[in-house]
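The opening residue of the sequence shown carries number 118 in my numbering; numbering runs sequentially from there.
Treat each hint with caution, since some may be false.
Cross-link-like lysine-lysine pairs, in silico, BS3-like; alpha carbons within 27 Å at most [as the list claims (entries may be wrong)]:
#  : residue 1 : residue 2
1  : Lys337    : Lys513
2  : Lys236    : Lys537
3  : Lys152    : Lys236
4  : Lys337    : Lys347
5  : Lys516    : Lys415
6  : Lys483    : Lys444
7  : Lys538    : Lys386
8  : Lys537    : Lys152
9  : Lys515    : Lys330
10 : Lys481    : Lys538
11 : Lys515    : Lys415
12 : Lys513    : Lys415
13 : Lys386    : Lys347
14 : Lys386    : Lys483
15 : Lys444    : Lys386
16 : Lys516    : Lys330
17 : Lys444    : Lys481
18 : Lys386    : Lys481
19 : Lys347    : Lys330
20 : Lys415    : Lys337
21 : Lys481    : Lys537
22 : Lys347    : Lys444
23 : Lys386    : Lys537
24 : Lys337    : Lys515
25 : Lys513    : Lys330
26 : Lys337    : Lys516
27 : Lys537    : Lys483
28 : Lys415    : Lys330
29 : Lys481    : Lys347
30 : Lys483    : Lys538
Bear in mind the hints are in silico, worked out from the structure with no lab data behind them.
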Amino acid sequence: MSLPTILQLPEIRKFFTLHRKLESLHHSDEQIIIKGDFLPSHCPVTVCSRLCSEDGDVWEAFAHYNTNADGTINLSRDHSVGGSYMGCEPMGLFWGLQPAPGAREGLRLRKINVTTPYKVHLSLLEGHVSSSVAQATELAAVTTERWYTAPGVRRTDIRHNGVVGTLFLPPGPGPFPALLDLWGIGGGLVEYRSALLASRGYATLSLAYSRHKDLPGPQKRINVGGSYFKSAFHLIQDHHQVCANRVGIISLSFGVFLALRLAIQAVVKPSCLICINGPVGGSIDISNSEGMDFDGDKTHWLYEDQNHVSFRNVSLPTNFFPGTILKMENLACPIMYIVGEDDLSTSSTENANLLEETLRAAGKSKLLTRLSYPGAGHLIEPPYSPSSRASLWSIKPKKLITLWGGHPAPHAAAQEDAWKKILDFMESNLRQ
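Construct the entire structure; sequences and hints are all you get.
Here's what the structure looks like:
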């Protein structure tokens, strides 16, 4: 991993100077350092960030600081005394981004086109103000780019033998260790984690398995079976630039169930599994030849604040569909299981407990690395991603907001720590 990029806001009215590390880009999972010089001592200032998403929505964050006796601020050293976050948070202007006042309800920030960066406008305002105060005096400003693909990473659309996905290959000839990347039943084709992993040297196949125009319909069901995931795993394993005996699976939410099922049934033999906030059993009848229906049984849906829905109880082990709890004692590869203790979408702690107890009883405790994060929610993503405690789930037949959980600062800390440990786990199990 390269050293942090140093950003200092440009000189305007002799308050700030700009010194930027000479590199073409930095990645969205890397920390940058924001500093300012030549300010009056003990002066109140506000530092703001502003981003326009690919959907046209504005996201912003702001924080109040007081300059030091030498007229400087350094976000890696100094403490915010108010605003979107408190305390010493070097990347708070990024993970603290939230929809601007008046924005549409239920927004969640997710990168769609990973070949272009997010452009984040950083500015310094006079005094302690809200970032939305239009009349505030802007003393200095700079725009920084947050990339998901390193130079030389190759992106290829996959439509092969029914498999729908996107393959990311690192620069160079390989052969590379590799990962199959599985997300949850929200569906579609999510690429940004795969792009980042390819930037770290791992060939990665982001796989769609529901709610995608190139998959069999209807979209509210999973209409692909075990052979589909087997084909996807073999597709990347058999690639001429991949180390065939160094292929793992990374998964989130319902993707965890699919990854475990694939590995435990010995259909494929992954080198390792990384499982984030997912179930070890099924809440729906996975043997139904007509597909798995997400919304058919609402028995365990829980409506909470503002009529938002939590799916947490759906995945309680006591509520699993009969016969769907996986035979985890048959697991044969190392597994990292990550728990957000404030997960409101999956009963992650209870599922992790069941996994841990089963492996212990089978004499396989050494296979499990368990990480647990107080205050973190369901969507533990790459670091510095803004957290969404709730977001839009569906608009038909009626608008539905689902709860993910997580409180901003502990969730951000969990994402940063988990990402480092994921990369270390992959290094140990896919490279060595």
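Exercise. Which of the stated hints cannot be reconciled with the structure, identified by number in ascending sequence?
Worked result: none
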